[in-house]
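Q: Taken in order, these protein sequences are the chains called A and U. The C-terminal position of the first sequence is numbered 250 in this note's numbering, with every residue numbered one higher than the one before it. The C-terminal position of the second sequence is numbered 431 in this note's numbering, with every residue numbered one higher than the one before it.
Hints were generated in silico from the structure; no laboratory data involved. These numbers were taken from a predicted model, which means no experiment stands behind them. Mixed in with the good hints, there may be bad ones.
[To be verified] Per label pair, the in silico range of CB-to-CB distance:
| hint | chain 1 | residue 1 | chain 2 | residue 2 | range |
| --- | --- | --- | --- | --- | --- |
| 1 | U | Gly308 | A | Gly148 | 54 to 60 Å |
| 2 | A | Glu237 | U | His361 | 44 to 50 Å |
| 3 | U | Gly308 | A | Ala113 | 35 to 41 Å |
| 4 | A | Gly228 | U | Glu429 | 45 to 51 Å |
| 5 | U | Glu429 | A | Lys3 | 48 to 54 Å |
| 6 | A | Asp134 | U | Ala280 | 27 to 33 Å |
[As the list claims (entries may be wrong)] If you want a taste of the chain A side facing chain U, the calculated C-beta under 10 Å gives, among others:
| hint | residue |
| --- | --- |
| 7 | Glu28 |
| 8 | Ala48 |
| 9 | Pro51 |
| 10 | Ala55 |
| 11 | Arg75 |
| 12 | Ala76 |
| 13 | Arg77 |
| 14 | Ala78 |
| 15 | Tyr86 |
| 16 | Gly92 |
| 17 | Asn94 |
| 18 | Ala101 |
| 19 | Phe118 |
| 20 | Phe137 |
| 21 | Leu162 |
| 22 | His210 |
Beta carbons are placed, not taken as given, at the ideal position from N, Cα and C, and that holds for glycine.
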Amino acid sequence: MLKIENLHVTVGDRKVLNGLTLEVPTGEVHAIMGPNGSGKSTLAYALAGRPGYEATQGRVLYDGQDLLAMPAEERARAGVFLGFQYPVEIPGVNNVYLLKAALNARRKAAGLAEIDAFEFLEYVRGKMKFMQMDESFLSRGVNESFSGGEKKRNEILQMLVLEPRLALLDETDSGLDIDAMKIVAQGINSLRGPDRSIVLVTHYQRLLDHVQPDRVHVLSRGRIVHSGGPELALELERRGYDWVLEASAA
Amino acid sequence: MSALARLVSDHATVAGSLPASVVTRDGRQAALGVVSALGLPGGREENWRYANLRPLDELRFVPQLTNNAAAIEQARSLLPEPLAGFDRFVFMDGLFAAPLSADTGSARGVSIDTRAPLDAAFGQYSTDARFGALAVAFAPEALSITASANATRDIEILFVAAREGTESASYPAVTIHAGEHARLRIVERHLGAAESATFSNAAIDLRIGPAAQVDHVRVQQLGAGAVHFDTLRAEIGADAGYTLDTVALGARSARTTLHARLAGRGARIGYAHSVALTEAQVNDTYAVIEHAAPGTETTQDYRGIAAGRSSVAFNGHIVMRPGAAGSASRQSLRSLLAGPGAGADVRPQLEIYTDDVKASHGATSGKLDEHMLFYLLSRGIERRVGQSLLKWAFLTGLVARIGIPALRTQIERAFAQRFTGEDAAVAQELV
Ligand SMILES: Nc1ncnc2c1ncn2[C@@H]1O[C@H](COP(=O)(O)OP(=O)(O)OP(=O)(O)O)[C@@H](O)[C@H]1O
Ligand SMILES: [Mg+2]
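Start from the sequences and build out the full structure, keeping to the hints where you can.
A: The following block contains the structure:
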């Protein structure tokens with residue numbers, strides 16, 4: 001599904017990713033952990049096509065296509081979804097409008113007709129119920145005055161509505177209360193399947209208790225320096241990053 | 001002939017016919033004297049730098065003195081849907097048009113006079129006396145609204161600029177007095193046919209008594225060739241609230257000069273101004289809000305969007321007088337350039353004479369927010385559509401808080417008409 005080879009990314013004049021290589025096979029869930037400032041969000045943004053995140057070397061294949069050659073909106077329509085670490089507030093554009101426009105863009109790319117308005121509402125209501133979100137969120141501006149946790153839940157709602165093939169979730173678990181963490185984990189698990197891949201960027205084991213990853217990677221100074229199975233996350237939680245970084249420097 | 005000389009000679013031709021019941025001949029002469037002494041504004045004056053004053057050179061100042069029934073009927077098609085529960089007063093080319101108006105007279109304690117005498121001091125104050133004085137010198141009629149203590153009323157005032165040419169200037173003049181605890185909602189609109197080139201000089205003077213509340217919405221939708229000056233003066237008493245939501249879409253050259261004085265302890269003003277221009281329109285506002293009593297509050301928001309070669313300007317000047325301890329002001333001024341030849345200038349300006357105040361301001365000029373745009377793109381929204389959405393959100397952001405839903409819809413429709421191409425398609429979906 002996703003194949004990143006020797007990726008170098010510059011933000012402003014700063015080289016943030018320095019030869020990152022990572023493969024996420026179809027159907028798998030991978031977790032990326034790593035110290036603050038190591039480049040996790042930069043990787044997520046670069047994959048989603050954020051302007052200003054310039055790949056100077058390397059390549060990224062998504063289903064065999066050259067992902068970096070596609071504009072951001074095309075990546076989304078092709079099934080790539082970024083759950084933001086800091087979801088953006090857009091007052092004046094309401095949530096339901098965005099959900100519908102985003103879904104229709106995705107359908108159009110797949111050769112499907114626009115969804116019927118009634119059918120759409122039923123569909124979204126079902127997803128909201130699953131996420132235990134009040135319907136009043138639909139008529140509010142996108143993330144406008146949402147609490148930190150509500151914003152994260154809204155990211156997962158969007159993901160469930162869009163049913164992406166590749167979901168990149170950047171610290172979706174940060175700032176969630178205990179119950180919300182479970183709901184978000186349920187949302188992620190419900191998307192899990194043989195045709196989809198999920199990349200979870202996280203600092204904590206807690207999310208991974210609910211969403212078992214197939215692989216865990218450590219990102220440091222712009223590269224993947226260590227990979228392992230789900231037990232690696234537990235070990236990192238216990239021992240911190242120093243031992244991995246020392247071992248990789250050696 | 002200079003503009004000022006033309007003004008004086010136009011006045012001489014019409015002075016004998018202007019009703020003395022509104023302003024005495026001496027009063028009009030004195031007001032003309034004020035204008036003559038100060039001269040008409042020029043681009044070299046700091047507070048007029050961004051206004052388009054070129055039209056002054058060709059303006060004629062003589063007002064209409066009578067309206068005929070047929071013309072009044074023609075103006076009917078320009079009027080928006082009435083707002084439920086509002087009494088309506090329509091002025092055509094500055095003259096009261098009873099057939100177009102609807103005064104239920106239902107509310108007690110509010111008296112309305114369409115040919116009220118104008119106070120000699122009307123519009124004469126520090127910020128800029130000239131255009132208020134112009135109204136005193138020329139206005140054939142004036143509207144006065146007086147709400148006694150505890151009275152409540154919703155009033156729509158429509159000024160339709162219909163006629164063009166040499167004897168077609170109009171001078172909408174309004175005095176509003178809200179007594180203690182009175183509550184007024186005023187919707188003031190300036191309308192004209194789409195392409196018309198009219199000249200109007202509007203002046204409005206509000207006195208808001210203790211603990212009264214006045215919610216005032218002004219919508220300027222004059223024709224594309226119109227020249228419009230307006231002057232607003234408000235005096236706000238103790239614990240009184242004044243909200244002023246203004247929307248400007250029309251006119252080739254429009255300028256607002258505003259002076260609000262928070263005169264009593266705890267007085268509040270919330271001023272929001274939204275402007276959307278295209279082609280070569282110019283819209284300039286100079287707003288002075290003066291905190292003259294303790295514990296007074298200002299919020300001021302500006303959103304101006306300039307497409308084509310148009311330009312928007314807003315100078316929000318806040319003065320904290322020595323007696324204004326414990327007062328607070330917040331300004332958020334934003335403009336958006338939506339055309340290659342468009343211009344914008346937004347300036348917060350603070351003048352503070354006492355320590356114990358809070359004043360915050362933010363001003364941005366320029367482009368759409370890149371973070372917001374990327375968020376939309378990351379959801380598969382096309383770039384053009386995302387840009388249109390953000391423009392729409394920018395423009396309608398302040399209108400959302402107008403408390404009259406039917407009016408809000410009318411304004412949003414007018415905004416949508418302002419949008420073209422892809423922007424229009426998106427806007428139509430969102431109205
Ligand atoms: N626009 C920018 N200009 C300059 N430096 C940047 C910019 N964006 C990111 N960086 C830098 O790149 C590095 C990586 O940032 P990134 O946000 O990818 O880290 P992260 O691994 O997601 O960290 P965290 O765990 O704190 O979210 C940081 O040192 C950051 O300061
Ligand atoms: Mg991050």
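Q: Hint by hint, note whether the structure agrees.
A: A quick look at each hint next to the structure:
1. Checked against the hint of 54 to 60 Å, the C-beta distance between U/Gly308 and A/Gly148 comes to roughly 41 Å, which is inconsistent with it.
2. Under the hint 44 to 50 Å, the C-beta atoms of A/Glu237 and U/His361, about 46 Å apart, fit the expected range.
3. At about 37 Å, the CB distance of U/Gly308 to A/Ala113 agrees with the hint of 35 to 41 Å.
4. Taking 45 to 51 Å as the suggested C-beta distance range, the pair A/Gly228 and U/Glu429 conforms, at roughly 49 Å.
5. Distance hint check: the CB atoms of U/Glu429 and A/Lys3 are about 39 Å apart, inconsistent with the given range 48 to 54 Å.
6. Separated by about 48 Å at the C-beta atoms, A/Asp134 and U/Ala280 break the suggested range of 27 to 33 Å.
7. Because the beta carbon of A/Glu28 sits about 22 Å from the nearest beta carbon in chain U, more than 10 Å, this interface hint is broken.
8. Taking 10 Å as the C-beta contact cut-off toward chain U, the hint placing A/Ala48 at the interface holds, the least distance being around 5 Å.
9. The criterion of a C-beta within 10 Å of any C-beta in chain U is met by A/Pro51, whose closest approach is roughly 7 Å, and the hint holds.
10. Proximity of A/Ala55 to chain U is violated relative to the hint, the smallest CB-CB distance being about 16 Å (cut-off 10 Å).
11. For A/Arg75, the interface hint holds, since its Cβ comes within 10 Å of a Cβ in chain U; the closest pair sits about 8 Å apart.
12. For A/Ala76, the interface hint holds, since its Cβ comes within 10 Å of a Cβ in chain U; the closest pair sits about 4 Å apart.
13. The closest approach between the C-beta of A/Arg77 and any C-beta of chain U is roughly 4 Å, which is under the 10 Å cut-off, so the hint is satisfied.
14. Residue-level restraint check for A/Ala78 holds (minimum Cβ-Cβ distance to chain U is 9 Å; threshold 10 Å).
15. Interface hint at A/Tyr86: satisfied, since its Cβ lies 9 Å from the closest Cβ of chain U, which is below the 10 Å cut-off.
16. Among the interface hints, the one on A/Gly92 holds; its C-beta lies about 3 Å from the nearest C-beta in chain U, closer than the 10 Å criterion.
17. Interface hint at A/Asn94: satisfied, since its Cβ lies 8 Å from the closest Cβ of chain U, which is below the 10 Å cut-off.
18. Checking A/Ala101 against chain U: minimum C-beta separation of about 6 Å stays under 10 Å; hint holds.
19. Interface restraint check for A/Phe118: the shortest CB-CB distance to chain U comes to about 17 Å, outside 10 Å, so the restraint is violated.
20. Because the smallest distance between the Cβ of A/Phe137 and any Cβ of chain U comes to about 16 Å, over 10 Å, the interface hint for this residue is violated.
21. Interface restraint check for A/Leu162: the shortest CB-CB distance to chain U comes to about 7 Å, inside 10 Å, so the restraint holds.
22. Taking 10 Å as the C-beta cut-off, the interface hint given for A/His210 is violated, the closest approach to chain U being about 25 Å.
Hint violations for this structure: numbers 1, 5, 6, 7, 10, 19, 20 and 22, all remaining hints satisfied.
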